[in-house]
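Visitor: Sequence:
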Amino acid sequence: MRKKFLFYVQHLQGVGHVFRASRIVEALVAKGFAVNVAYGGEPIDGFTFPGAKVHYLPPVRAGGEVFNRLEDPAGNAVDDAYKEHRRDLLLALFDETAPDVVITEAFPFGRRQMRFELMPLLERARSNANPPLLVSSIRDILQHNAKPFKDRETVDILKAHFDRVLVHADPKLVRLEDSFPLAAEILDMVLYTGIVSPEPKSVDPAGENFDVVVSVGGGALGHELLTATAGAKGRSCLRDGKWLLITGPKISPEHEAELVTRLDDGITLRTFMPDLSSILARAQLSISRVGYNTVADIYRAGCRAIVVPFFDGIETEQVTRAALLKKRGLAEMVGHDEQTPEAVAAAIDRIMAAPPPDRGAIDLEGAANAAAILGRLVAGERIAGIA
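If you read the sequence shown in this note's numbering, its first letter stands for residue 19, the second for the next number, and so on.
Please note: incorrect hints may appear among the correct ones.
Unchecked claim - Okay, derived cross-link-like pairs now, PhoX-like style, lysine-lysine, Cα gap no bigger than 25 Å in a straight line: (1) 71 with 49; (2) 101 with 168; (3) 21 with 71; (4) 190 with 165; (5) 21 with 49; (6) 71 with 190; (7) 190 with 344; (8) 22 with 71; (9) 190 with 22; (10) 71 with 101; (11) 177 with 165.
Unchecked claim - Label-pair restraints from in silico Cβ distances: (12) 68 with 258: 17 to 23 Å; (13) 205 with 113: 56 to 62 Å; (14) 403 with 268: 34 to 40 Å.
Hints listed in this document are in silico derivations from the structure and should not be mistaken for laboratory results.
Note that the Cβ used here is the ideal one computed from N, Cα and C, for glycine as well.
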C-alpha cells in the first residue's frame, strides 16, 4: 500500500517557501508516495503541486501594517469563527487522509500565528491509534528571535510532538546552530537534506541570452535595487553587455514607470521569468536579493553573483545569508544601505575580475534527498541525527 503524506503549507507574506515545498512534494510523488497538501495561503496564479492533491483552506495572510495580524483576502481581520472553521477543516482532512507522515512547513520555528490550528493537528496526530511520523521542514537560516522564550517554546513543542526536523541546507555551508541558539537540544532530531534547488536543465543555445540578470523576487521591495543596477550599467566593465531586469509582479505602476525612464538600449525589462535558473545558466552575472530560492537558482546556474540583502531592521535572514556567501567566496555583496549605482558598479568590477566561484561541492539535491530520507523513515529505518 502506498504511504500517505499530509504536507501543511502556509504562506503569510512571501511565497518562496511555497516553491521549495512544491519541489519536495514533486520528489515525494516521484518516489510513489501519495501526497495531500493542506494549503492555507492565497492561491498563486498558475502554480501547482505536481502529482499531489491540494486542499485549499480558507486563505489567510499577514496584515499589511502588523505582521502578526491575520487577514482574509479582503483585508478583514480574521476572527475566532474563521480560525475555528479552518481548524475543523484541517482536522477533518487529517481524519480523511489518515497520513503516515505529517510535514509542517516552518512550524514550530515559524508560522507561530497558525498555532490555533497546528497545535490541535499535532495533538490529534499524537493521540491517533496509529500516530503518523511528524516532521518539521525548515530552510537553511532562521529568523533571529528577539525574544528568547520563543526559541524555548519551539524546542518544547518539538520534543513533545515531533519526530524529526529536516533542515534544507548543506551542513558544510551552514548548520542549524548558526541561526537557532538552542539547536544543541534537538540535534538528535535534525537531518540535513542539502539545498532544495531546481532540477538541472540543458542550456538551450537558441534561448535568450543576457550577460547580466537582475532579480528582486516578488518586486514589492525591489525598486531601490533595480534603480541602482540600471544606473550602474554605464559605470561598470559590463557596460556593453545585454542586461535583463526582472521587476517581479508586485512592483508598483509608479515605480515601474520611473524605472523605464532610466533604461538604455542595452537593458530589457520583464515582469517575470518562469525559468530563472535557465536564464542564469547562460548569464555571466546575477544581481539579486538573497532569498533561499534565488540563491538555489544561482548555485544551480553556476554564474557569478552579487547579492544585496533585504533588511528592514527586523528581518535578519537575508543579511545572514549574504554575509555567509561573501565569507565563503561564493558571491560578492553590496550592503542593504549601499544600494547606489556607484556601489553596484564597483561590485561588478570586483566580481568580474575575480576567478569564478567554486560551488561544485555544494549539495543541491535537497528535494530528492528529503524524499529519500522520508521514505527511509516511514519504512521504519532509524537514521541518526547529525551531532
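Visitor: Which of the listed hints are not met by the structure?
Guide: When the structure is compared with the hints, numbers 4, 6, 9, 12 and 13 turn out to be violated.
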